[in-house]
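*Asks:* First to last, the protein sequences are chains A and B. Just so you know, the first sequence maps onto residues 1 to 273 in the working numbering. Just so you know, the second sequence maps onto residues 274 to 650 in the working numbering.
Honestly, the hints are just simulated from the structure, not real lab data. Certain hints may be false.
What the hints assert, rightly or not - 20 Å max Cα-Cα, derived EDC-like pairs, lysine to aspartate or glutamate: (1) B:K379 to A:D167; (2) B:K387 to B:D339; (3) B:K617 to B:D602; (4) B:K575 to B:E561; (5) B:K427 to A:E172; (6) B:K454 to B:E544; (7) B:K502 to B:D554; (8) B:K617 to B:D627; (9) B:K350 to A:E172; (10) B:K283 to B:D339; (11) B:K502 to B:E512; (12) B:K589 to B:D517; (13) B:K502 to B:E451; (14) A:K169 to B:E370; (15) A:K169 to B:E330; (16) A:K84 to B:E330; (17) B:K620 to B:E561; (18) A:K187 to B:E392.
Stated by the list, open to error - Here are some of the chain B residues that sit facing chain A, going by a computed Cβ distance under 10 Å: (19) G340; (20) I343; (21) G345; (22) A361; (23) A423; (24) G587.
Built from N, CA and C at the ideal position, the CB exists for glycine as well.
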Amino acid sequence: MNRTSRASGMINAPYTTWAMIFIIAPLVMVVYYAFTDRTGKFTFSNIISLNSYLETFLRSILFALIATIICLLIAYPFAYILSKSRANLQRNIILLVMIPMWMNFLIRTYSWITILSNNGIINHFLSHFGIGPLRLINTSGAVILGMVYNFLPYMILPIYSIMSRLDNKLVEAAADLGASSSQVLRKVIFPLSLPGVISGITMVFVPSVSTFYISQKLGGGKMLLIGDSIETQFQSAYNYNLGASLSLVLMVLIIICMAVMNKFADNEGELII
Amino acid sequence: MEDNIIIDLKNISVSFDGQTILNNLNLYIRDKEFITFLGPSGCGKTTTLRIIAGFLEPDSGEIIFDGKKINGVPPHKRQVNTIFQRYALFPHLNVYENIAFGLRLKKANTNEIKQTVDEMLELVNLKGFEKRNVNSLSGGQQQRVAIARALAVKPRVLLLDEPLGALDLKLRKDMQIELKKIQQAMGITFIYVTHDQEEALSMSDTIVVMDNGVIQQIGTPTGIYNEPKNAFVADFIGESNILDGIMRSDFNVEFAGIRSKCVDRGFERNELVDVVIRPEDVDVVPLEQAMLRGQVTSVTFKGVHYEIIVDINGFKWMIQSTDCQNVGDTIGISIKPEEIQIMKKSKYSGMFGDYSSFSEEFDELSQVDEKIEEGAQ
């Protein structure tokens, strides 16, 4: 082989090693555990026993879908308006969007408990008007709120990044050809921002569907999601085989979702993940 | 050409951040003419175009379109369409859909759309490109799609904002001819913006020369070239030797230390004037017949002719001649009275028309600057 390819092989070596140890090996182990029993014998029983987790799967997907849609509804107009405002304001707002991401998400989720709980800030405030206490915490609404709150920046940032790069001349060209502002939005801005929307959806849906902590803290343990079930199998039940098979199915589901998404995005230029 | 006025701009003024872009501009545009706004970058030509398109509202003044005031009418309700500098094709649509964009907004039926798109593709020589992705096209092809897209909605007026700026020289020349043909075939008004004087001269019916937000001269290409109104126009359109002169009487001018007959009159006795002599109008003659004598300081071969710089009493003249001269030789020159153009003094007097600092490199550098500025807008 020539020298350049050997040199590039050397440069790649640390990354290749890293990938082997921390990405490939764990995946192999997940597959291995999913199809064996405690004694290491090959079996389908783990996968078959997942039947009883169907409800958890469906709930996870439903919650993640709702959270994703809410994020999209908030983030899209937000990003659009932001991209139209003064450069200075844009920088500051984006900073505000990002600052929460620098803090640990467990802490942020904890703070929602104090806000939503029966003697939390909201109910305390409402009690002055003789209302409540409302049951806010330990509801499915609280879980979804937690997801939206935690993952909203991941929807805003990719959409904003596309919007801010959108050539204003295209908007002018559309108006010039007879498009009203709502037609410009529908026929030019939205189709061109699709790659951002799609990466935003992926970046919110995937962590939402696999999250575990939020549902435990804000859902009061009553609305277990698939992430919680996996955690239980590994952390308390010590049934690595069942945990691994749950993870495997979740992974496959996510890969299918992303493949469908990418198919959508294919015609719309490059994805930015 | 009909003399119907389609667009009338009255007392238009625009300023950004206290900087005046257009200063009380008055201009009318006749229906079906090819009119060019010509000037250096920052002269207000693109601003004028954006006002007509509706992307910009003037601070004061009226825009009359076909007899009706259209101030405040949004772009999508105006019967004008624009070809943008970098085409602004929709990257998510193919060639066919780009051209059909305006028609679909007008709710035209499918057959009508197909027919018009086919017509337009034929007009711009892009048959068979319907399904192509616009990003896969060359600059020239994208340009044609942009033209087809704008013309598909049958505008009364087409605005072209330096549309050929991004093309190479050969393609630019071809497109100039083609644009002129399209304009004649469609029978609509073209308003063309450029800083390229050659483009303006070769395509336009009317040229509007602008500088600093003020119209310097309006006229036909030959009119503007042969009888520039001031030193700015003389220098911007073609090459010019511009000398200080004194009108001694009608048809009698004194410049460069000699007196000569000329064809201009109507100046006051002894009025100070600018004298314009085009380089191609200067004849090299034997020394004994010469009006002026000077030393050759540089000679550049230009293909069709030689560009010769001659130092005559400290003023450097540019002469274009098909005969080569040797650097250092003393030569004689002569100018026919009808080739001497007299202009009134203006604020541009003394700024242009001396080739002392002339060098090819300098010229090119300043053009690059101009491109960068345009890009930054």
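*Asks:* Does B:E392 sit within 20 Å of A:K187, going by the straight-line distance between their CA atoms?
*Replies:* violated, 24 Å
*Asks:* Has the given pair, B:K502 with B:D554, been kept, meaning a C-alpha gap of at most 20 Å?
*Replies:* Given pair B:K502, B:D554 holds - Cα atoms ~18 Å apart, limit 20 Å.
*Asks:* When you check the alpha-carbon spacing of B:K617 and B:D627, does it fall within 20 Å?
*Replies:* With a Cα-Cα distance of about 17 Å, the restraint between B:K617 and B:D627 holds, given a limit of 20 Å.
*Asks:* Tell me if B:G345 is really an interface residue toward chain A, meaning its C-beta lies closer than 10 Å to one of theirs.
*Replies:* violated, 14 Å
*Asks:* For the pair supplied as a hint, B:K387 and B:D339, confirm whether the alpha-carbon distance does not exceed 20 Å.
*Replies:* violated, 30 Å
*Asks:* Hold the hint about B:A361 up to the distance rule: shortest CB distance to chain A must be less than 10 Å.
*Replies:* Cβ of B:A361 sits 4 Å from chain A, so the hint holds.
*Asks:* Under the criterion that the straight-line Cα-Cα distance not exceed 20 Å, is the pair A:K169, B:E330 satisfied?
*Replies:* Answer holds: A:K169 to B:E330 is near 17 Å, not above 20 Å.
*Asks:* Do the numbers back the hint for B:G340, that is, is its least Cβ distance to chain A under 10 Å?
*Replies:* violated, 22 Å
*Asks:* Can the hint on B:I343 be confirmed by a CB-to-CB distance to chain A that is less than 10 Å?
*Replies:* violated, 14 Å
*Asks:* Keeping to a limit of 20 Å between CA atoms, is the pair of B:K575 and B:E561 held or broken?
*Replies:* violated, 28 Å
*Asks:* The hint names B:A423 as touching chain A; please verify it with the least Cβ-Cβ distance against 10 Å.
*Replies:* holds, 7 Å
*Asks:* Does B:E330 lie within 20 Å of A:K84 when you go C-alpha to C-alpha?
*Replies:* holds, 19 Å
Hint compliance for this structure: hints 1, 2, 3, 4, 6, 13, 17, 18, 19, 20, 21, 24 are broken, all remaining hints hold.
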